[in-house]
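Heads up: the sequence lines are chains A and B, in that order.
Okay, so the first sequence: first residue is 1 according to our numbering, each after it adds one.
Okay, so the second sequence: first residue is 1 according to our numbering, each after it adds one.
Keep in mind that the hints were calculated from the coordinates and are not lab data.
Incorrect hints may appear among the rest.
Unchecked claim - Residues from chain B shown here face chain A by an in silico Cβ test under 7 Å; the list is partial: (1) R179; (2) A181; (3) P234; (4) A236; (5) R238; (6) T252; (7) T257; (8) A258; (9) V267.
Glycine included, C-beta positions come from ideal geometry on N, C-alpha and C.
Here is what each chain is made of, one letter per residue.
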Amino acid sequence: MSDAMSRPGTLVGQRVLRVNDGKLLTGAGTFVDDLHLPGTLHAVVLRSPIAHGRLVAFDAAEALTMPGVVDVLAPEEARDATRPLRCVWLMPGQGQVDYPVVPRVVRHVGQALGVLLATSVAAAEDGAERVRMEFEELPCVVDVEAALGDAAPQLDPGCPGNVAVDLPRGDPPDAVEAAIARADHVVAMRFAIQRLAGSPLEARGVVASWSPATGELTMWSSTQVPHHARDHLAGALGLALDRVRVVAPDVGGGFGPKDHLYADEVLVCLAAMRARVPVKWIEDRREAFTATVHGREQIHEARLAFDDDGRFVALHSDVLADLGAHPSNVGAGPAFVATGMLEGPYRFDSSGGRVRGVLTNKTPAGAYRGFGMQQAAWVRERLVDEAARTLGADPAELRRRNMIRADELPYTTHTHQNYDSGDYAAALERATELVGEGLPAAPDDGRRRGVGLCSYVEFTGLGPSAVQEIVGFALGGYETAVVRVEPDGRATVLTGVSPHGQGLETSLAQLAADALGLPITDVRVVHGDTATAPYSAAGTIASRSMTVGGGAVVRAAGRLRVKILDLAGHLLEAAPGDLEIIQGVVQVRGSPTAAVPLRTVAEKAWLAWGLPPGMAPGLEEKDLHDPQDISYSYATHAAAVAVDLATGRIEIERYVVVHDCGVIVNPMIVDGQTHGGVAQGIGNALLETLVYDDVGQPRIATFHDYVLPGTGEVPDMVVEHTQTPSPFIPGGMKGMGEGGTIAPAAAIGNALANAVPEIAHLVTETPMTPARVWGWLDAAGVATDW
Amino acid sequence: MTVARPRTLAEALGALEATPDAHLLAGGTDFMVEVNFGHRRPTDIVALRRVVELQGHEHADGHVTLGAMLTYAEIEADLAEDFPALAAAGRTVGSPQIRNAGTIGGNVGTASPAGDTLPLLVALDAEVDLAGPEGTRTVALDEFITGPKRTDRRPGEIITRVRVPRVTGPQQFLKIGTRNAMVISIACLALVLDLDARRVRCGLGSVGPRPLRPRAAEDFLSGEIDWDGPRAAPGAVRRFAELVAEACTPITDQRGTAEYRRHAAGVLARRAVERSLQS
Ligand SMILES: Cc1cc2nc3c(=O)[nH]c(=O)nc-3n(C[C@H](O)[C@H](O)[C@H](O)COP(=O)(O)OP(=O)(O)OC[C@H]3O[C@@H](n4cnc5c(N)ncnc54)[C@H](O)[C@@H]3O)c2cc1C
């Protein structure tokens with residue numbers, strides 16, 4: 001890094017107010033549904049009402065006579081006009097590697113089969129009711145363990161026994177078994193993590209517009225990944241990439257599920273191409289519950305082996321991941337990461353696992369904030385507390401004893417994670433301290449009280465492209481930024497990442513503003529349109545936007561700074577090394593009279609007048625950042641809970657986060673992401689679950705029953721940070737968008753087990769609803785009755 | 001679709017006569033959800049928002065009549081003194097937006113087993129005034145609600161008011177849901193210690209096909225309470241809770257198991273009695 005690039009700025013580290021909040025808070029944002037192109041038709045996606053069966057008849061004749069109905073894209077027509085969608089993350093030996101846009105045999109309720117277009121949403125909905133679909137129903141399977149049974153219906157010819165993926169992880173199985181056999185103690189538990197819905201405030205939606213004259217298709221989409229969506233859309237429709245444009249306008253949250261192109265989005269585009277007028281489809285909430293990928297559902301048979309003195313010897317988990325109807329674009333990826341990050345911040349002689357990705361007749365499972373790491377934390381941290389209970393040891397002390405020390409970093413785990421930097425025990429220490437500090441004396445209200453910890457290490461900033469090649473994740477892992485000082489002296493930053501609520505428009509601007517010596521108000525971040533944004537294969541997923549995308553901004557802005565100083569030095573007849581840029585003015589350090597406004601420098605650069613010999617015109621730099629390695633954030637969360645032994649209700653009385661995500665660009669945004677992540681994690685821990693009946697019908701498909709956390713469940717929390725810069729990221733940042741979500745279930749579960757040790761062995765499933773906790777209390781004979 | 005917006009009860013009844021299949025629309029917080037889900041396909045709607053006779057509340061001899069269009073927000077603001085447990089129940093319903101729109105007539109009209117106002121209303125022996133083509137009639141709420149989301153409302157009838165006897169003595173409303181607020185009850189309970197009649201009155205929600213009166217439990221505790229305190233022995237309170245649980249006929253659904261619901265009703269019963277005796 002040049003001197004200019006590493007010069008400390010003034011905005012990084014500041015609680016800069018988010019630059020786009022005014023627009024969003026006054027309702028002036030432009031989301032997909034706010035787009036009104038002339039002549040737009042409205043689409044309803046025709047979906048399977050059953051979980052498994054062959055479509056044997058489709059008749060839209062009556063629907064087409066309904067007022068306002070314009071066209072019906074039938075399943076057969078759609079199938080003929082499309083190519084299957086590729087799974088992006090392919091595990092070795094994966095039995096199904098793509099899925100048709102429209103299947104012959106439906107595999108889950110809500111699977112898309114066709115599209116009806118009408119002049120209004122109401123007419124489209126009325127019309128859709130008159131479309132007749134007949135199915136030859138097939139037996140279905142909704143339980144992941146049942147799917148492995150001999151009697152289970154087989155969902156895919158490439159996946160015998162419904163197993164799409166079967167992979168060993170970490171050390172060879174005999175090495176792990178031998179280590180476990182050597183240890184003095186083993187805690188073995190079966191953990192079940194529920195199925196969840198990402199639940200962004202804005203569900204998915206698409207406006208598609210086809211220009212027959214230019215052969216160009218534009219899709220406005222509520223997506224996290226415009227380029228990725230474009231690539232797959234062109235592939236599915238057989239169009240050239242230069243004829244497909246995808247725009248993500250304002251996007252109201254994603255949380256993972258909007259990380260790829262969906263079959264129904266292809267269908268809407270196809271319908272627009274046939275209709276030759278724009279088509280709008282806005283997913284409604286009930287539709288979202290079956291049409292948008294779910295997350296999390298895994299079963300872990302896990303063991304932690306340790307010695308009498310509390311030293312961890314080995315860790316192993318045998319994971320069944322419920323993939324749903326077919327591998328999604330990330331397939332068994334979350335289970336791969338769950339086993340990859342299972343070791344967390346601790347040392348083991350040996351560690352490993354097995355991942356099986358299993359098909360069932362449910363909505364496919366995909367990315368969801370935390371991506372396997374929430375499951376890993378739940379499994380590992382519950383085992384650690386049970387080990388402490390076995391030994392009669394203090395859970396914090398047991399953690400401390402086994403934690404990888406700061407002086408042992410960098411450290412390579414048994415699953416080949418190269419932990420970079422940090423001080424894991426310091427976070428544990430501080431969290432333990434803080435959770436005790438604020439606790440009021442417990443009132444004598446009959447409730448039991450307990451404290452629980454969760455320490456984790458988080459894989460962030462996907463990723464070095466080489467790592468993605470090794471793991472078979474077919475997405476380039478780099479990011480590109482273009483930074484330009486316009487002729488008026490203001491800066492534009494073009495980024496490939498695609499913010500959808502995280503505040504990146506602000507934090508990326510802070511990075512550029514610091515490098516260019518501009519006030520934040522003079523920097524505009526532009527993103528989300530494949531016609532203007534630099535190519536980004538992966539988009540905004542995997543806590544990578546600030547690390548990978550921010551690193552690219554740091555690099556490009558740093559290069560531009562060098563050019564600015566060179567040109568200004570030429571104009572001022574000063575050495576570039578003696579110059580600094582302050583509030584848009586380039587001046588000789590220490591003598592502010594020898595100065596030239598950045599605007600003048602920019603004018604000269606764009607006019608190409610009076611440039612030093614050899615300097616190219618313009619003030620624009622582009623740079624690419626493919627991180628050298630993964631950055632590992634980490635934290636310890638601590639929860640203090642009160643448990644009502646009569647009702648099973650858990651109340652969180654105090655919640656503490658001590659977190660390290662390297663250099664913090666905007667503490668307000670980082671705190672906000674942490675607060676939101678913890679809230680979502682509390683939902684995972686206590687409230688949310690998706691349930692199916694045994695014929696594959698969802699029993700929960702509204703927010704009446706899919707219970708999200710509210711102000712009553714999310715306590716005030718204490719969030720503190722330490723800052724250990726990433727050695728691999730220009731700017732030193734580590735990823736943090738997901739972190740808050742990873743730990744709450746484990747911290748709360750450990751607090752519950754601490755409060756009521758009689759049920760500790762039962763605390764293995766989430767969500768820990770009052771009814772479920774009461775069941776545990778009742779089974780252990782500690783429920784108080786009336 | 002036609003929408004009638006009558007201003008008087010007579011106009012409303014006329015509109016119903018003109019379009020006999022019309023659906024009545026109050027705050028729409030139940031109705032519009034059903035329309036959204038395609039469970040109902042209204043062709044005609046009679047909107048009750050402006051009907052003067054259905055507004056507000058009135059104190060009469062020994063009771064208060066609540067207009068069918070009385071919203072939860074109004075109940076909280078205006079009736080907390082007369083019926084603290086009704087106001088408490090109202091406060092737990094939905095969000096502020098729902099409480100500004102949702103009405104007591106709608107809660108009775110929907111007759112959901114989870115209707116949060118219903119336990120208190122049945123506990124107090126509330127009656128429902130109806131107006132219809134054949135004139136008006138008054139029915140005990142306990143009889144009016146015949147099953148889950150089923151009532152004895154006859155074609156062309158409108159619920160005009162709910163008559164709620166005023167009873168002296170402490171009242172409680174307690175509710176358990178998965179979340180602390182804005183959630184449908186897994187179990188709820190209203191309890192009134194009727195000091196003048198020396199009777200315990202209790203109503204249960206979400207633990208049977210319709211709001212329940214656990215009469216055996218009421219009779220038992222009425223006989224056990226020392227009404228001059230009022231006081232009750234802990235054993236009696238426990239037995240009451242047990243009898244309340246026995247009175248439940250809950251189902252298992254995605255919100256909770258039958259077992260948990262029955263247990264929860266007992267817990268709420270004990271807590272409600274204890275709180276009433278403390279106050
Ligand atoms: C987000 C949300 C949260 C909710 N939370 C709760 C809760 O916590 N507890 C709870 O009990 N309920 C809850 N509800 C349900 C609902 O708000 C209540 O049942 C409310 O009282 C319904 O009143 P309304 O005025 O909106 O009725 P509407 O929806 O207008 O009508 C409901 C039914 O009653 C009929 N009806 C209405 N008025 C009359 C009348 N005067 N005469 C005859 N029939 C009539 C209608 O035809 C319709 O069938 C919730 C609803 C939502 C959407």
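* Asked: How about B/A181: closest beta carbon in chain A under 7 Å, or not?
  -> Cβ of B/A181 sits 5 Å from chain A, so the hint holds.
* **Hint validity - B/A258 Cβ closer than 7 Å to any chain A Cβ** => violated, 10 Å
* Quick one, is the B/T252 hint okay against chain A at 7 Å, beta carbons? -> Violated. Min distance 10 Å.
* To do: Would you settle whether the hint for B/A236 is holds or violated, based on the nearest Cβ-Cβ distance to chain A being less than 7 Å?
  => violated, 12 Å
* Asked: Once the shortest beta carbon distance from B/R238 to chain A is found, is it less than 7 Å?
  -> Holds, about 6 Å.
* Asked: Quick one, is the B/P234 hint okay against chain A at 7 Å, beta carbons?
  -> violated, 10 Å
* Please verify that hint: B/T257, Cβ, nearest Cβ of chain A, below 7 Å or not. => At about 6 Å, which falls below the 7 Å cut-off, the nearest Cβ of chain A leaves the hint on B/T257 intact, so it holds.
* To do: Grab the minimum C-beta distance from B/V267 to chain A and call the hint holds if it beats 7 Å, violated otherwise.
  => Where the cut-off is 7 Å and the nearest Cβ of chain A is about 4 Å from B/V267, the hint holds.
* Under 7 Å, Cβ to Cβ, is where B/R179 needs to be relative to chain A, so tell me if that hint holds or is violated. => holds, 5 Å
Comparing the model with each earlier hint shows violations of hints 3, 4, 6, 8; every other hint is respected.
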